[in-house]
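Asker: Below are the chains, spelled out letter by letter.
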Amino acid sequence: MSCSETPRSGREEKRLLWFRRGAQAAFSIPGLILASAFVGFAGLARDAGLTLTQTLFMTGIVWALPAKVVLVGAILAGNGLLAAAFAVTLSSVRLAPMVVTLIPEIRTPKTPSWVLYLLSHFVAVTSWVVAMERFRSVPKTMRASFYAGLGSTLILNNMVVVTLVFVLAARLPPAVSAALFFLTPLYFLTSLWGSARERAGQAAMLFGLALGPVFHLLTPGFDLVAAGLLAGSAAFGLHLIGKRRRQA
Amino acid sequence: MSFSAIDAWWWPYLFILLAGWLATDFWRFLGVFLGGRITEESEILVLVRCIATALVAAVIANLVVFPSGALAATPLLLRLSAGLAGFAAYLAAGKKVLVGILAGEAVLGSGIFVTSLL
Chain A
0 MSCSETPRSG
10 REEKRLLWFR
20 RGAQAAFSIP
30 GLILASAFVG
40 FAGLARDAGL
50 TLTQTLFMTG
60 IVWALPAKVV
70 LVGAILAGNG
80 LLAAAFAVTL
90 SSVRLAPMVV
100 TLIPEIRTPK
110 TPSWVLYLLS
120 HFVAVTSWVV
130 AMERFRSVPK
140 TMRASFYAGL
150 GSTLILNNMV
160 VVTLVFVLAA
170 RLPPAVSAAL
180 FFLTPLYFLT
190 SLWGSARERA
200 GQAAMLFGLA
210 LGPVFHLLTP
220 GFDLVAAGLL
230 AGSAAFGLHL
240 IGKRRRQA
Chain B
0 MSFSAIDAWW
10 WPYLFILLAG
20 WLATDFWRFL
30 GVFLGGRITE
40 ESEILVLVRC
50 IATALVAAVI
60 ANLVVFPSGA
70 LAATPLLLRL
80 SAGLAGFAAY
90 LAAGKKVLVG
100 ILAGEAVLGS
110 GIFVTSLL
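Top line first, the protein sequences correspond to chains A and B.
Here the first sequence stands for residues 0 to 247, numbered as in numbering that gives the first Met the number 0.
Here the second sequence stands for residues 0 to 117, numbered as in numbering that gives the first Met the number 0.
Note that these hints are calculated values from the structure, not bench results.
C-beta: ideal position from N, C-alpha, C; glycine also.
Treat the hints with care, since some could be wrong.
Dumping the calculated DMTMM-like pairs for lysine to aspartate or glutamate here, alpha-carbon to alpha-carbon at most 20 Å [unchecked claim]:
#	chain 1	residue 1	chain 2	residue 2
1	B	K94	A	E132
2	A	K109	A	E11
3	A	K242	B	E42
4	A	K139	A	E11
5	B	K95	A	E197
6	A	K139	A	E12
7	B	K94	A	E197
8	A	K139	A	E104
9	B	K94	B	E104
10	A	K242	A	E197
11	B	K95	A	E132
12	A	K13	A	E104
13	A	K109	A	E12
What follows is a list of derived Cβ distance ranges for each label pair [to be verified]:
#	chain 1	residue 1	chain 2	residue 2	range
14	B	F32	A	I28	29 to 35 Å
15	A	M131	B	L33	17 to 23 Å
16	A	M131	B	V113	37 to 43 Å
Please put together the full structure from these sequences, using the hints given.
Answerer: Right, dumping it as structure tokens:
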């Protein structure tokens, strides 16, 4: 079982095996929930007037679902490029700390950095959660292959989902479409709470839920950024006060 | 310069590329670059995570309160109760996302069914 003595062809074979295992991990409960959320997202994009190719392009190149929902929301609201980019940039800050925690699990002294940059594109809530759970049973040298299989399969699966929704959605009864559109907020409402690292994150979520609709009415077009900045800073304020109290 | 500002086939793709790809992969690449250099517990990251979380939460709330498509035809009160029920079920089941989704959808579905009978 010693990896260092495995001949080159054997190592390639082993990589392929772990790539395939990663791909299989995409067909799981989290993968199914993500696919369901993508059904809702594809419906949202369709309603916003995006074409199938535009939505597929967005799925492959942006990937993270909250960022895509914010982007489609900005398109729906008729926001300009700068406002849209700003909103998406702010909504995706969470990707950086996720990547920061994932990279040390994947990197070996031999891993070229271009592989890490390429793999980081697959980082979004679902692939990150699945990887963090499954990595324990994946040999460290095979984690890059495993994650490549997982990430690429998740993207391809959901491209298929998007295509199916665009082709079929016109024939869905309104009650079914409504139920599907509701999957996205439900999925994020629950997974966002679970992914919060500290109390402040959960406070930020509650404040954001309350302020989002308020700012939608007060400052349309700038609502997400305004609600995010105010609710996030308020939650951080509570975090600092709580910390000072614990230290006192 | 909105999504429909320029009537050319390439403009929506450029819009998605700049406002979508650049805005997300920037953070992913920064994450790789920083690698182990920043600790996840640093205070500035707490603030950044708070703002990011609140922003996604604002998106969720707006999707529920001001929905588009078929969901817009359902009563606001029903959508709010379905969201609350889903979240409560998620917490009660010990943070099971699937349970929360099923409970929220069950409330929404039965609500749509009942209002269609009225």
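Asker: A separate judgement is required for each hint: does it hold in the structure or not?
Answerer: Structure-based check of all given hints:
1. For the hint pairing B/K94 with A/E132, the CA-to-CA distance comes to about 16 Å; that is within 20 Å, so the pair holds.
2. In summary, the hint linking A/K109 to A/E11 is supported, as the alpha carbons are separated by about 15 Å, within the 20 Å threshold.
3. A distance of roughly 11 Å separates the Cα atoms of A/K242 and B/E42; the hinted pair therefore holds under the 20 Å criterion.
4. At roughly 15 Å between alpha-carbon atoms, A/K139 and A/E11 fall within 20 Å of each other, so this suggested pair holds.
5. For the given pair, B/K95 sits about 19 Å from A/E197 by alpha-carbon distance, which is consistent with the 20 Å threshold.
6. Pair hint A/K139 plus A/E12 holds up; C-alpha atoms about 16 Å apart against a cutoff of 20 Å.
7. A hinted pair counts as satisfied when its Cα atoms are at most 20 Å apart, and B/K94 with A/E197 qualifies at roughly 15 Å.
8. Distance check on the hinted pair: A/K139 and A/E104 sit about 7 Å apart at the alpha-carbon level, within 20 Å; holds.
9. In summary, the hint linking B/K94 to B/E104 is supported, as the alpha carbons are separated by about 17 Å, within the 20 Å threshold.
10. For the hint pairing A/K242 with A/E197, the CA-to-CA distance comes to about 12 Å; that is within 20 Å, so the pair holds.
11. Taking the CA atoms of B/K95 and A/E132, the gap is about 15 Å. The hint holds against a cut of 20 Å.
12. Annotation: proposed proximity of A/K13 to A/E104 holds, straight-line Cα distance about 19 Å (limit 20 Å).
13. For the given pair, A/K109 sits about 18 Å from A/E12 by alpha-carbon distance, which is consistent with the 20 Å threshold.
14. Between B/F32 and A/I28 the beta carbon distance is about 33 Å. The supplied range of 29 to 35 Å therefore holds.
15. Look at A/M131 against B/L33: about 18 Å separates their beta carbons, and that is inside 17 to 23 Å.
16. Take A/M131 and B/V113: their Cβ atoms lie about 41 Å apart, and the range 37 to 43 Å holds.
Violation of the numbered hints given earlier is absent; every hint is satisfied by the structure.
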